[in-house]
Structures are given as structure tokens and as C-alpha cells.
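**Q** Work the whole structure out from these sequences, hints included.
Protein chains in written order, with my numbering: chain E, 3 to 185; chain B, 1264 to 1569; chain Y, 32 to 460.
Note that these hints are calculated values from the structure, not bench results.
Do not rely on the hints blindly, as some may be mistaken.
Unchecked claim - For lysine-lysine, the following DSBU-like pairs were computed, each having C-alpha atoms within a straight-line distance of at most 30 Å:
id, chain 1, residue 1, chain 2, residue 2
1, B, Lys1269, Y, Lys425
2, B, Lys1467, Y, Lys268
3, B, Lys1354, Y, Lys425
4, Y, Lys429, B, Lys1386
5, Y, Lys345, B, Lys1354
6, Y, Lys423, B, Lys1386
7, Y, Lys345, B, Lys1269
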Amino acid sequence: MTIKAKIIDEIGFGRTITRLAHEIVEKNKGIQDVVIIGMRTRGEFIAKRIQEKITSIESVSPELGILDVTLYRDDFRTRLKQPEVSVTNISIDITKKHIVLVDDVLYTGRTVRAALDALMDLGRPNSIQLCVLVDRGHREMPIIADFVGKSIPTSINEEVKVRLKEIDEEDGVYLVESPKKGL
Amino acid sequence: MSLTIKHLIGLHGVPSDDIQTILDTAKTFREVLERPIKKVPTLQGKTIVNLFYEDSTRTRISFELAEKRLSADTINFSKSGSSTKKGETFKDTIRNIEAMKVDMIVVRHESAGVPQFLTRISKASIINAGDGRHEHPTQALLDMYSIRERLGKLKGLKICVIGDIAHSRVALSNIFGLQTMGAQVSVCGPLTMIPQNIESLGVKIYTDISKAISENDVLNVLRIQLERKAGTSIPTLREYHNYFGITAERIEKNNKDILILHPGPINRGVEITSEVADGPYQIILDQVTNGVAIRMSVLYLLGTRQ
Amino acid sequence: MKILLKNLNLLNPEQKINHESDLLIEDGKIIELGSNITSIDSQTKTFDFTGMYCVPGLVDMHVHLREPGREDEETIETGSNAAAGGGFTEIACMPNTNPAIDSAEVVKLIKDKAKNHLVNVHPIGAVSVNRAGEGLSPIAELVDAGAVAFSDDGVAVKTSALLKSAMEYCLMFDKTIIDHCEEICFSDGAMNEGFISTLLGLPPLPSVSEDLIVARDILMAEYTGGKIHIAHISSKKSVELVRNAKGKGIKVTAEATPHHFTLTDDVLKNYDTNFKMSPPLRTEEDVQAIISGLKDGTIDCIASDHAPHSVEEKEMEFIYAPNGILGLETELALCLNELVSKNHLTLDDLVLKLSINPRKILNLPIPKFETNELANLTIFDPEKIWTVDVSKFKSKSKNSPFDKRLLKGASVAVINNSKMFFENKFTDI
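**A** Below is the structure:
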């Protein structure tokens, strides 16, 4: 895997989170009934950062949840490796809430599709909005994000890697050459 | 994290990593069971046959629920006794079921060895729901899950299985599974109910129930039945209760920190008093809920294995 | 017609013969022995058997032929063919047929069906009517019709009272009672009781179940002065009981099967029903006791307990599958492999166990290597290496646990009743 470009650096990363937080607050006219739900694994940490940022803007903390969509995936039969499931941790009833679903990269849209199904099984929210750090295109589902950190047009042979301090010891977004594509 | 095993026949020889994976994955499903919609689409399009050659409403319901909650298509096939006596051989029955393109078979049978036999004649993934007096691996896994949930660990714990060990499928699975996870397992019961050479498995034998209570962290209390040959293993249920029954008095006198499990159905007043069965030491109903989660975990891990 | 068998190692411990020789046979009788036979003509067929042994025709005194009743599993003909293929010229068949061998008619039927075969078939009569353990079967009539011994095999003679009567009654005819030693109250077991049965969760059958009946039978033989033969002895304790009884001069004899000196209960770990039999496979300690019993003469003979079962019956759930395995076509090879090659028995000992002693127990004449004697002999190659293949068995059933096993030693030819079985075919000689 070779790095082709660093798209967002640490400072840009912080600014992007700040902007996304503001947009979420603005669109929802505050944070009344807003629940931020991060998708495992990296979405979970981005959601946490957004929640913290909103807290510092609004002085009130929105609810936070973590969603694991493994059980809703559509690729069990085609993947070579069995995905590991982890626990979904959403302690509140999401019925009648405004959900902001947070993930790191929006690509084919299949993970979001799985997340929507999973959320519907958890309750009946009034709305679900999608917030992603990077939208790299190549959608296979009719899905559009409500909040986008950065749109990066990519080729199919490229991959977007989001690195986070919580897991990867740095904040940043890279465009890399994908070794497995082109098969 | 994939399992190394393709079938779940027993816990004998199953590596600790596999057991760990099953227990950890069950935690996810335990959470699913708390949701308003307790169902996930994971095994959509998979067909699972519940092949019950012996009555066991509880185990069957638990498996069926687990399958349904994973969105698998399920078929129940119940028969009692040898199929051959009814004109079709067991093998033909399996061949027929297999021709219907099933992915997994959950099997309960009076004869030990049937699940293993199935792996030789069927391409489906086989899950043993109890074979003779051999193994009942999902029961032991749910016991282990429940103990871990309550005590936070398995390693180093002392667990005593109490009752008719010789006729029990739960005892062997408990012994194999718990030993693999680093626990010490012992058995307690009248010697007529202890199978030969069980001490060769590294299992201590108690015949004094008070001592078993005082020297262990967990008791797994088995159901006592007066079998067809009444009076050959134990004289009466009353005598069993008086000498081996789990009573509040015995617990309070010997070990107030004890944790009590029972695979059900409970024979109140025989192996356990109502006071204990409904009291603070036991986690019997947790076991039932955990049973569904454990079975979902096993079905998921084997059903999506590549 | 004359045939000349050349360069045989002639072996008959009963005649103290152990040397190289040629044999000239005319119309089924031995007409000349020696190394320089000249009285041959252009029609004489000559066989070179260099390196092979020639012994008095082997006898398996414990065979289930299934006819009448279960001809789908074996018939008198297919069982006799299997015997010839395995190197046997005589077999004794057990009475657990349907109907049981409890009437002169059934004895006659069997003898009639067997009469044109190379292999002599000796019916064993039932001790009790329909082997039910109630009243004695018509023993005198059965003896007259040709029964060579009496047994309720499949189960033990049910009660001590019945055993006492049968022994006393048989004394009049000098016939032996052959007992399947198993205390009926334990018979719901599916394998030997021990560590392996605990591990496999199969209902256990304790070895004491066999020992109890062996002890009973020995006491009864001592009390009545009758003759008892312990079928398929399998436990260490039973071997000890027989050894002590023989020391006291009690008329007890015993047989062991090849599987009981070859396999232990450890092989049951795959729940393969082809390892399910009664008595069950036991422990290494028991196997060693059987071998030492064979060595010191406590166990007089080897018999296969050849028990054909159909594939569909054997492919059942373990606890429901019937007991028993095929034996005739692997017996000699297992004896050579497990007992002779491993120096537990000499070839002389083996001939005693497989040919001489069973005839003595059943009061059958012992074939001699002498002129004017009927040629009743087995020629085997102790060095031949072959792989067991049940699909090539002559038996109608295929339930052998030894399929695919590599064995050393095989029967090459058998001759009896003016017939020869050689290179897989029967010819009149």
C-alpha cells in the first residue's frame, strides 16, 4: 500500500470536526432530541469528537450511541474472512429522536444501508441524517450524506484511509493505492 | 474471528480460542435480545433443521428462537425412538433432509455418537443439541457464559456438577469446556451415579454435599429423575433429597458466596428446594436467556463460516 | 483325477509332522506323501507351493450363517464360500436362526443345504426351545440329526437350573454346552464399561457381566461333571477363572476371537458400529490377558463369531445397531499377524487353536496326513501381504471393522470333500 496524498492533516481534521458540529446544530436548530450514533469502528470515535464539540458549542451534551452493523451486512457469502461482531451500545430509546449517523468514509453505501436496517430494528426515529468525514464516491446505493467533511473524487484503485489518535496515534486522512483492486 | 471447528459436536478437544470467541460473540447477541425488535437479518436465506429424536421442549425452543432471531428459515423434525422401527433408516431420513438443501442441522438424539455420524453422511454443519449421555455443548457454553457474566472469569474457579453424572450429557460438556478455560471441575453424587474412571479426566469426586458446597465457587445442579429402573441408582427421591439436595440451610452453613446453576427443568424438592431455586444464590433464569444468546452465537459463527 | 501338490511345509502337531513334502491326491484322497513322488501321469495337475504351509483343514467353531431366516445377510452357501475363502474346511454354525436350530428338521435342512460343498457345516443345537431359556430343546433328537454341541448363543443359558439340566442331559451324548457368557441384566450396555465409555457417553456394559456367567458355568461344570465351552472369552478375569478351573481338572474349554486379541475399546471413538459386538471390545489389559491365555493353553481355540449384518442394520444409531462383525475372511490373517508374527504363538500352536482343538471340543475326526485318508487341508502363505477389501468378500454382508487393513499371511488353497478352492474358484478333484 503506497500513500498517494495526505488529504487532511491534523489541523484540518480539527477544523472539519468543528464545521460538522456546527452544521449539525444549525440544521437541527439546536440539539433537542438529537442522538449521535457512531458506526464501529472509526465512526465511533468521530461521533465522540463531534459530540464533544457540540457540547462545547451548546453547553448541553447530545446523547451518544455506538452501532455495530455486522449482523446486517449483505456480504457474508462473498467475503473471505468472517467479520468479527461487536456489541451495539445504544442505551436510550431512539423512537421519535433525530439520529445523526456518523461514519468515517462513505463509499458504496452498503454499510449505511445495513446501519439503516439496524436502526429501524432498534426503534422508530423521526429522522436519520448521515454525517461522514470523507465521501469518496462510487455509490452502489441511493444514499447521500447530509454532512460531509470533504468530498474526494477517487478512482476504484484507490482507498481512503482515516487515521485517528484513539487507534492510530495521529489524526489525518490519506489517499492510498489499494493493492487488492484490479483483480 | 472464525472458529477452527466446522461442527459443534462436543466441547472435548475444542480449543480455548474457539470457546472464547463463542462466549464473546454471545455478548453481542445478548444485547440484541434486549432490543425492541429482537431480530437481525444475519442468517437470511439459510435453512436450519431441528432434528429432535428425543423430546426436549426447552432446548428446541431455545434453538428455534435463536434461529428465528437470526432470520434463518427453520424446519422442525421430531421423532422418537429409532426411525428404523418405523420403516425408514436414520441414514435415509438424513439423506432426504439433505436433499432439501439445508445448511445446518441441530440434532438431539438418545444415542451417543449420532451427531458425529451425521458429519459423515451430511454436508451440512452439525450442532449437537444433546446425544445420549455424551455431550450437550451449547448447555455447557451457556453455563460458562452465565458464570463468567456473574463472576467475571472462568479461570481458577472451582465448579462442582451435582447429580446423576453417569446419565448426564451436561456433565461431560461442562467438564471439557470449563477445564479448557482453566477452571477446576468436580462432581458430586451417589457413587451409583458417577461413571467409571471419571477421575481420569482430572475430576474430583465428592459424596458429601456439604463438603462440595464449602469447597466450590459454583454448583451446577442436575435434574434428578427416577428412571425406568426405579430404585437401582438411588432408593428414593426423598433419600436423594435428604443426602444430596441443595437446601438454603446447607448453603448458609457451608458457603454463602456460592453461585447456583441448574440446566432445568427443576425438580423442586428433589435436587433443589424452592427456597434456593428462587433465592439469591441462583441464576437459573439468566441461564435461559443466555441460552438463546449462546445458540445465536454458535449458529452465527458456524453459519457464516467460510 | 490326480493332483500333485509340491514342496509343501507339512504341519500337523497331532501327528508330530513338521517337514517338507509333496502330496499326491486322487479322487479327494491322499495316495502318496514324500519328496519323490513318481506315480503321476500326463493328466495329473501339478501345483508348486514352495514356501507355503499345509495343515489339517482349519475349523471355525463359532459362525452365524443366518439361514434359515435372514438369507439377506448370509446363506449356508455364501457363509461356506466365505469359510473356504478364509482357509476353513469345517465350520460349526450357531442356532440363533429363525426358526432356531431346536428341531431335527432344521439340523437336517442345514446339513442338506451344505452337503455338496467343500466346507463341512456342523450345526450347533439350541439348548432351549427357541433359545427362550424355558424348556430344553429335544437334545437327543438333535444329536441324532447331527448337532455337534449345544448353545443358546446370542444370550447365556438363561437360568442356572436350565444349565444344570442341559449339562446333565448332554453328559449322555458327551456333548459340550457352548455358553455366551453375559449376565442378561446388564445387557442394555453398548460398550465395555471404563474410561472410554465415560468419554463417549455410551451405556456401559461391565466386564463383570461376563465373569459372573463364566464363574457360574465353571461351578456348574464342576458340580455336574459336564463339559462347558466358554464362547468368545474377552475379559481378563474370565481368563483367570478358566485358568484356575482347568488347574482343578474341571471340563472347561474356551475360545477367543481375533477381534478380542487385536482391538481395544479405544477404536470406538468414531462411533463406528462395525466395532460394536458382544462381548464388547475391552481394554489393553484384557487383550494382553487373552494373548497370555492363548499362549499358556487356557484358551483352547480361536473362533471368529462371524456375525453378518446388513448395511442398513449396521448404519444405525450406535445404541440401536446390532452386535457382531464378520470374521471368517480375516481370521487366519489376523492370527498370523497378531499372534505368530509377534511371537506369541508358534505355527504349531496356531494349528492346535484353529484346527486340532476345536475338533476335539466338538468330537470331530482329526484329518491325518496319511495315505488313504481324505484330503482335508488348508494351505497358507504366512508371508503374503494383502489389504482387506470387504467388497471382495464372499460373505453376503460387509460389516468388517478390518476393511482397508494391511495384513500379513493369507490362505492360498483349501481341499476337502474332493473339492479344491484355489485362486478364487472351486474345482472338483
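**Q** Find the hints from earlier in the document that the structure breaks and name them by number, from lowest to highest.
**A** Structure breaks hint 1 only.
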